[in-house]
Amino acid sequence: MQSTSKRLRVRMRSLEQSSTQESSAHIIASSSDLLSEFLLLRLPIKSLLKFKSVSKRWLSLITDPHFSRRKNHINPTPAASALFLRRPSPLANPLFTFIPLDPSQTTPPFTSLNFIDHPRGIEILQSSNGLFCCSSIEYNDSYNLKYYIYNPTTKHFTTLPPLSGGVVLGINLAFDPSESHVYKVVCVQRCESSYDHVLIHIYSSETGPWRASGGPFPAPASMEFSGGVYWNGAIHWVSPREASLYFDLSEETVREMLMPSLPDGFDERGIRYFGESLGHLHLGEIYKDFTSQLNVYEMERDRSGWFLKFRVDLNGVAVAFPDLIEGYLEENDYYHYSFSILCVVRGEKEEDSFLVLHIPGKIIGYNFNSKSYQEICDTDCPLTFDRSYAFQYIESLSLV
Amino acid sequence: MITLTSSDGQTFDIDEVVAVEMQTIKHMMEDGYAESGIPVPNVTGKILAKVIDFCKKHVETAKEEELKAWDADFIKVDQDTLYDLIMAANYLDSKQLLDLTCQTVADMIKGKSPEEIREIFNIKNDFTPEEEEKIRKENQWAFE
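So the protein sequences, as listed, match chains G and C. Quick note on numbering that gives the first Met the number 0: the first sequence kicks off at 0 and runs consecutively. Quick note on numbering that gives the first Met the number 0: the second sequence kicks off at 0 and runs consecutively.
Hints are supplied without guarantee of correctness; some may be wrong.
When the alpha-carbon atoms are kept at most 27 Å apart in a straight line, the in silico DSS-like pairs for lysine-lysine are as follows [as the list claims (entries may be wrong)]:
1) Lys145/G / Lys136/C
2) Lys109/C / Lys136/C
3) Lys136/C / Lys55/G
4) Lys154/G / Lys111/C
Examples of chain G residues lying across from chain C (beta carbon under 8 Å, computed) [what the hints assert, rightly or not]:
5) Ile26
6) Ala28
7) Arg41
8) Leu42
9) Pro43
10) Lys45
11) Ser46
12) Leu48
13) Lys51
14) Ser52
15) Ser54
16) Thr106
17) Pro107
18) Lys370
Example chain G residues on the side facing chain C (calculated, C-beta under 7 Å, incomplete) [to be verified]:
19) Ser23
20) His25
21) Phe37
22) Leu38
23) Lys55
24) Pro108
25) Arg300
Hints in this document: simulated from the structure, not taken from any laboratory. Just so you know, these numbers come straight off a predicted model, no measurement behind them. The beta carbon of each residue, even a glycine, is placed where N, CA and C say it ideally should be.
Model the full structure from these sequences, guided by the hints.
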């Protein structure tokens, strides 16, 4: 900060001497450095989007890659201000429902994804720190899917180069502006020559085209490659029945991810949530005999294991929202509580961390600390037990 | 005591401990300018008085609550003075004053329309109507 100020002060001195009659406001506005440093970098992103239309110079400053990097540097890990829920049916119109998590976030940045024309529309596959990985929707024609990286805040997008090779099992976006402005896309495909092996290809926004990373490796059939979560430099994949894995992007190695021990008598994990928030990786599990208890684990920074971060007694939530309980199901039935975990949202302050739940007809927030809940909004989005249909929306000026 | 002289010849005697709150003055003192007084050619007496007030208060007060309330009152000045304070805070290198003044202006303008921004900063709209319409449409949701 000191060296920046010094540079600005020197520049300012020469400005002052040449234009002593001009108002300070005009002097600041005339200097790109002063304008960015003093004002633009301190404005919320929504205001910056409005001010793109002030003048060509302001547009140029606000869309400059350097500016977006400085903005990211000032606020490296912003919280999700909303969620987008994908409706179960691909024919649904609109395909996405907007759920605001921040009271100031009233207007959705989009109501449908139409940044490029596709007869059957576009869907979100993944969200990573402000950017979305999207694909066209096709029926029975997965070989012709087009993939895009999209910034929902700026509406800019890039088309990924076409993929060749085996069936695509998952496409994962790795982006963390606090580490780098470069994003990578990790594609896992079934190996054509060996059915139980998979192959990874990587695309980088800096170096371009898909390139193979390592050779084919054996992967369990139950591995959910489409549900990868990027955290701490790696994409993590969970498997309910076999070993879970992670792919380190700097070393380009696949390793086994240690998971919390299974309770006695269980040979399959009861995974109800797997996601990232504010730099923390969370795993949410419920086991059949303990259907009223949700355990939220957080992974240790060095990946040495998990620790129990939050425990939610769902009975308390069920009392406030009786719709949560399906009357006709047995109490120890896995689906006794009719809900879906959309997101574990960590707050800047611990006491602001909350759980976002989808119950029939409503989206509710449950504060882990105060054990209190609030209705976020009503929704007509049907409940589904598919784990990844909620995508975090984070305002960002990052370039695609 | 250190003597500062503003651009319009006003002199201000301040304690060393207050003077070093302004990094520029601190460096000049370290370079040996203290004895003959320090000229501040870029800042008028009116503004320099306010900057000194700010530094004095921040040196004297430890309680954050009290300081915050005082800052909120301090910053209730007219637009021109506010922008002059930004320039002065930058020149004299007082990070706290710079943050306070810049954030105040940012908060004041964040809800304004592009037209109002042009008026405040005397900026000419160099977009064609079509160009401007295109940008607004793309970012329509931010206006709502």
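### Task
Could you work out which earlier hints the structure fails to respect and list their numbers in ascending sequence?
The structure conflicts with hints 18 and 25, although it agrees with all the remaining ones.
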